[in-house]
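Residue numbers for the sequence shown follow my numbering, beginning at 1 and rising by one.
Each hint should be verified, as a subset may be incorrect.
As a list, the in silico DSBU-like pairs of lysine-lysine whose alpha-carbon atoms are at most 30 Å apart [what the hints assert, rightly or not]: (1) K258 to K268; (2) K79 to K443; (3) K620 to K335; (4) K443 to K325; (5) K423 to K443.
Please keep in mind that the hints were generated in silico from the structure rather than gathered at the bench. Given the structure is predicted, the values throughout are model-derived calculations rather than measurements.
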Amino acid sequence: MIAANKIEVSFGGSVLFDDISFLINSGDRVGLIGRNGAGKSTLLKVLSGDLKPDQGEIALTGDALVGYLPQDLPLPEGKSVMEETESAFEEIKTLEARIEKINQEIVERTDYESDGYMDLLNELHDANTRFDMIGGHSFHARIEQVLKGLGFRDEDMDKPTETFSGGWRMRIELAKLLLQSPDVLLLDEPTNHLDIESIIWLETFLIQYPGAVILVSHDKTFLNKVTNRTIEVVLGRIYDQKLPYSKFLIWRADVQEKQMAAAKNQEKEIKQTEELIEKFRAKASKAAFAQSLIKKLEKTERIEVDVQDNRAMNFRFAESDPSGKVPVIFNSVGKSFGDKKVFSGVDFEIERGQKVAFVGQNGQGKTTLARMLVGEIQGEGGIEIGYNVKMSYYAQEQHKELDPEQTVLETIESIAPDALRPKVRDLLGAFLFSGDTVFKKVKVLSGGERGRLALCKLLMKPSNFLVMDEPTNHLDINSKEVLKQALAKFSGTLVVVSHDRDFLQGLTEKVFEFRGGKVNQHLGDIDEFLRKRKAEDFRSFELSGQNKKESKNSAKAKNNGKSDQEKRTQEKEVKRLTKKVERLESKIAELEGELAALDAKLQDPNQFKELSENPDFYTKYEELKSEKEKAEADWGNLIEELETKG
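Based on the sequences and whatever the hints tell you, model everything.
Below, the structure written as structure tokens:
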């Protein structure tokens, strides 16, 4: 389907790829892994045709279509979410406009017997046939399915794209790409802007995708679930195996261990041979034997151990004098955007030296509260900042605040205090920017390199209170671990927003759960919190927001202190509401099945003509759709009522 043959790419005299070749077939779901700056994003650009290699070629089978989603791309404005997503169906929209124009011409003309009139009828027939064949009558349903899978709601469809954040607009671009159904999907960090529900939806979509998928991701769980093949980029070479991420790592370690053992044995044999040569070289009777040993040694093919890039960041956060005992107190803090209340009644304090995690689904207000904490936005209530608090903030899109025209060195030198200026090169070296790489412009850095540079920039300002919003986005797995160690050693106060369980394990001692407009405190680390939630992993927690079992557990917790009669009354009410929820879920599933069956009929060219001539069909279709929407709204109201009863 797509073949890379002897690809070589260099930047500024440094070789990024050296004579690499591989073949991608339909059904391959490839995880492209490697350190930040190893060339993963560059390789995707080469495969997409956006970048021409210095040597070698990329060959596509037949007329295979390649779709590419980079980490950063221009985001269009001026259209609604639905209109922008419709642009993925260019041929359908063109045909739709043409069919409308032909129908208008037919209405206006009266020369029914002319050749021109008959040509119009034939063209209309051909256009309608093609329109049916490529799904012209069902593409809106497909758009809704993908957009909702990526987290958009019905009320979002007609909103202008520019009213959404960059992350949400990236979701629109992802939706457009998925709807185009290219033969090869190239995805560069597709989960960076997705919440957990959308990540799981994308996992299912990609697992079922009939074409080939090549994706860059540092999400271990996502890689293990989606991929069936791994290609690692290491120091200009690649290692390619038909294994998902975790099994690939085991294979790599096993191969390297065997290579090292074989190389060690070979080195021992070579040393023994060299000793024999030296021993017999001067003896005339053994000279011929010595020469045969020399020839044997010259023909020996040395065993090479697979290269590994073991470089790692090495840094500690610059700390200022300690703050007061209670650096932050939240007093009845709330936030609304227009009519939408994000959260309210937040009352808690964070003590000096505490490390706190903000967790929960996207849209529940984690980033909003973090921004309120650092003073970027205002809300209701009050946030009291304590004595001598010196706060540093790493925003979710911190790397985008860097000047693309500055070099790496200029970025840090421009903000470094006088005392640190002589040490700037050493500091950059700790973040893996050494040699000529410090003269690279920010605009040519990979997402991970920019993430590291943004962290380095954060170190220029000593602080005793760190607020970090999704700091692991774009960082490779090794860099995540180094950051975690640096934060663990930080003696000040930490608030970290993250969906990454591996990163949070053992790092934080208190969890603030954002859910349903409230912020609840949980003592203990993330594992303790998950045990309380009876969740096997972080993903199951974040999807538990609508879990009936959780409602029952919450109800039990809140029953403490009530009389037996009150408990029984509440339990009956919870049971009654739960049954109503279950009935509605069954009804929604039934309605979805009926609508899916009707959609299938619409996509069948043999049935479409008959259905389109039956006005009752579309009436029934709209009635079913309205009934499903009402059932979903009722279900949502019942869930909210259950939570209050709990």
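Taking the hints in turn, this is what the structure says about them:
no. : hint         : verdict
1   : K258 to K268 : holds, 15 Å
2   : K79 to K443  : holds, 28 Å
3   : K620 to K335 : violated, 42 Å
4   : K443 to K325 : violated, 42 Å
5   : K423 to K443 : holds, 24 Å
In the structure shown, a violation is registered for the earlier hints numbered 3 and 4, in ascending order.
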